[in-house]
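Colleague: Top line first, the protein sequences correspond to chains S and A.
Here the first sequence is numbered in my numbering, starting from 3 and rising by one per residue.
Here the second sequence is numbered in my numbering, starting from 3 and rising by one per residue.
Derived by calculation from the structure, the hints in this document are not laboratory data.
A hint or two may mislead.
Listed below are the simulated EDC-like cross-link pairs for lysine to aspartate or glutamate, each with C-alpha atoms no more than 16 Å apart in a straight line [what the hints assert, rightly or not]:
no.	chain 1	residue 1	chain 2	residue 2
1	A	K209	S	E92
2	A	K660	A	D671
3	S	K91	A	D215
4	A	K682	S	D125
5	A	K220	S	D81
Bear in mind that the values here come from a model prediction, so they are computed numbers and not experimental data.
Here is how the chains run, residue by residue.
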Amino acid sequence: MKLNVNGELIDVDVDVSTPLLWALREQLGLTGTKYSCGIGVCGACTVLVDGRAVRSCITPVSAFTDSQEIITIEGLSSDNSHPLQRAWKELDVPQCGYCQPGMIMSAAALLKRKPQPSDSDIDDSITNICRCGTFNRVRQGVHLAARIGKGGKV
Amino acid sequence: MGKDTVDVSRREFVFGSTLIGAGFSLGLYLPTGARAGTVPPAGAATDAFPEVNAWVVIKPDDTVVIRIARSEMGQGTLTGLAQLVAEELECDWSKVTTEYPTPGQNRARDRVWGSFSTGGSQGIRGSHAYVRKGGAVAREMLVEAAAEAWGVPRAECAVADSVITHQPSGRTTSYGKVAAAASELFPPEQVTLKDPGDWKLIGRPVKRLDTADKLNGKQVFGADLKLPGMLNAAIRACPTFGGRVRHFDAAKAERMPGVRAVVRVGDDAVAVVAETWWQAKSALDALPIEWDRGTNAGVSSASINALLDEGLDADEAFIGNQQGDARAALQAADRVVEATYAYPYQNHATMEPMNATALWTPERCEVWCPTQNGEAALEAAAQASGLAIAQCDVHKLHLGGGFGRRGAFHDFVTQAVLIARQLPGTPIKLLWTREEDMQHGHYHPITRCRLTGGLDDQGNLTALHARISGQSILAAVNPGWMQNGMDTFVFQGMLPDGDHEISYSVPNLLVDHAMRNPPVPPGFWRGVNVNQNAIYLECFVDELAHAAGQDPLAFRRKLMRDHPKSQAVLDAVAERVGWDEPPPANIHRGLAVCKAFAAHVAACAEVSVDDRGRLEIHRIVAATDPGYAVNPQQIEAQVEGSFVFGLSALLYGECTIKGGAVQQQNFDDYPSMLISEMPKVEVIVMPSGGFWGGIGEPTIAVAAPAVLNAIFAATGRRVRQFPLKHVDLRATA
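Bound conformation, chain S alone (with noise of 0.2 Å):
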């Protein structure tokens, strides 16, 4: 079958079972997308697909189109341009840094729905668990990146 990650049409040779996760993990090199829980609870596994937050690990790949666009991580930009990775940069958001792939694309959801999002919209979108507690600095992230994307400066 197709998938369409990252802007590109790609054969993924797979059981249709196999969560869109370990498809991207291990079929794709796409490594940015996290295991961590695999029942969709902890969210490190979030992509975006059609611009909408996805849990990667519970949905299997037979659930896709290609014309559905899947953005990874790897997606969003490799040179760290995205508002949101310059957002990140600029308060070192991350700790350990397991968490932030998932953190940061069910930051890019919110802010494609809501590009100014008050803290009730941080709150009731990002529901990532963070287990060495970034956060604060994770919702301070989500504003400045929105001023970036309004053209604002880091």
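Based on these hints, arrange chain A on the given structure of chain S.
Modeller: Below, chain A without anything else, positioned relative to chain S:
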């Protein structure tokens, strides 16, 4: 701290400068930049360039490579340690990169990099002196090389930002140009470390060195590693602690797609090896395993609680702190207050589940893994490999969280090597499922504490007895550290002196421990024993203040005259929060203070509890005095993170036992707090100098008690059993 003059042992620095990179003869590396999770070998960046000394390699383009022995797991030690070396090296900070030497290289070089162990908030405070010395020695060798090339006295040369200047002539050169010559020199016999007042880089809130790759998927964690020809393994060990594999029927699993092998791993586990991990995991799910659950099959939370309750009343106990005669003074007290608290088992629950990759041949064993202690990982690998330790090495990868799980325990390394031995010549990546990770932890130990306090007729605390009953970490993990059978770690935060000294002077004090060790493996868990001990002590002191009819801050301050640094952090949070003024409507405050890992910390929490019992933590003001603050913005990050870890534990953290096994399976039944629950945190970093305190753990101690004392202020209710998810907070005092 005055100027440190240190002797430099020649032996330490004269070992071959090309040793880094030796031992990577397997040729397994793909080019860097490949998008699958491939990594260059540690040391590869510097293979081609001679080191100035063990800590510093400088390339011709002036890139500075600083070697870091401790492990980065989010706590920022990589950047902080590099700052310490760079401070003395006088190099251009913008050109600094880092690399990990391997534990095998450390062994071969007589432990030139010291300990690799990264726990106990030791990263910086345990190695600041010798890493600064390493930077200073390298600086002297570089300047000496320039002076020799110019034929001028060393004393006429100055250095800043990697540029050496001959002051009389104005000639300049750079570190990159003289590094090769410097590497040929003998190190100076003595170097003088800078006075803290002269520090330029230590104390600056510089950015972390390891952020960029964490923003675009390039950072390779252990779980992301990919080696050529590698197969993947999923594993299941007997859920009951101490149980074994009785039988498994591999036939069906072996026929499933991609499966290459179904193997027994030690006495207690079975693994499936397949082309992909998803295939391995799917086949493992279809594999019938029959367990011999052994002697612990009847152990439950109820049986453990009964064991601990018995310890609360036991006649015999180890004494951790004794002043005066607490029992007699309690008899004589005007009023006696008593309360019993209980703290549950908790899992580290690192976001990245346990994993390790191993390659075994009859001649050599190599392991790639996230570890908090590379040397301990190497020992585990060697033991499992059946080879001499010199035939083994470990390549450290980035950790997706540690929190103590990946320090003293390398069960995942042992398993990976035992699997790899059954498939010689093939790299095997073992990755645990979350469920395996939840059920095979080394858990925060379980304890209870009965506190009895005596007040005189003026409301002064005259006597305090804290009887701890419960589990010793050292008895299970490190018996060699015990003292005549006593685990002094159990008393952290209530000891008479040292890094975990009690913050109060009580005229008659007894802190004792009835050791009761259930068959659930305990471990060092971020904060270790101050997590519960600070709850016990700080909530009970609050109870005593209330019983005495006194303000909790004033009551504490009376007991803190001999503990000025602890009092200073407590005063700082009280002042910032405006303790003397009433809080805003419906907001209630709680205090806590502790000395842990040699740092003084305090917090004031502001909470509300609505009429449905819904708790909201609005704001926390925290102060920390770590002696020296190497990177204040990273300290702030650690203090904020400590509240997430400590409050997740308070709100949700609990592992219960049934059938000798942990009942919780995943983040649905072992939740962690979310951004929506996160309070504002204001961090006061107030380094007073003269000592080196830890950063990554101490603040966890005050997170829960500050909130619990605020909950009391809001509801009149003392919560003494955790986590809070079980407690109805509707105000029924």
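Colleague: Now look at each hint and say whether the structure bears it out.
Modeller: Quick rundown of the hints versus the structure:
1. A/K209 <-> S/E92: holds, 8 Å
2. A/K660 <-> A/D671: It holds: about 15 Å lies between the C-alpha atoms, which stays within 16 Å.
3. S/K91 <-> A/D215: Holds, at about 10 Å.
4. A/K682 <-> S/D125: holds, 13 Å
5. A/K220 <-> S/D81: holds, 10 Å
Violation of the numbered hints given earlier is absent; every hint is satisfied by the structure.
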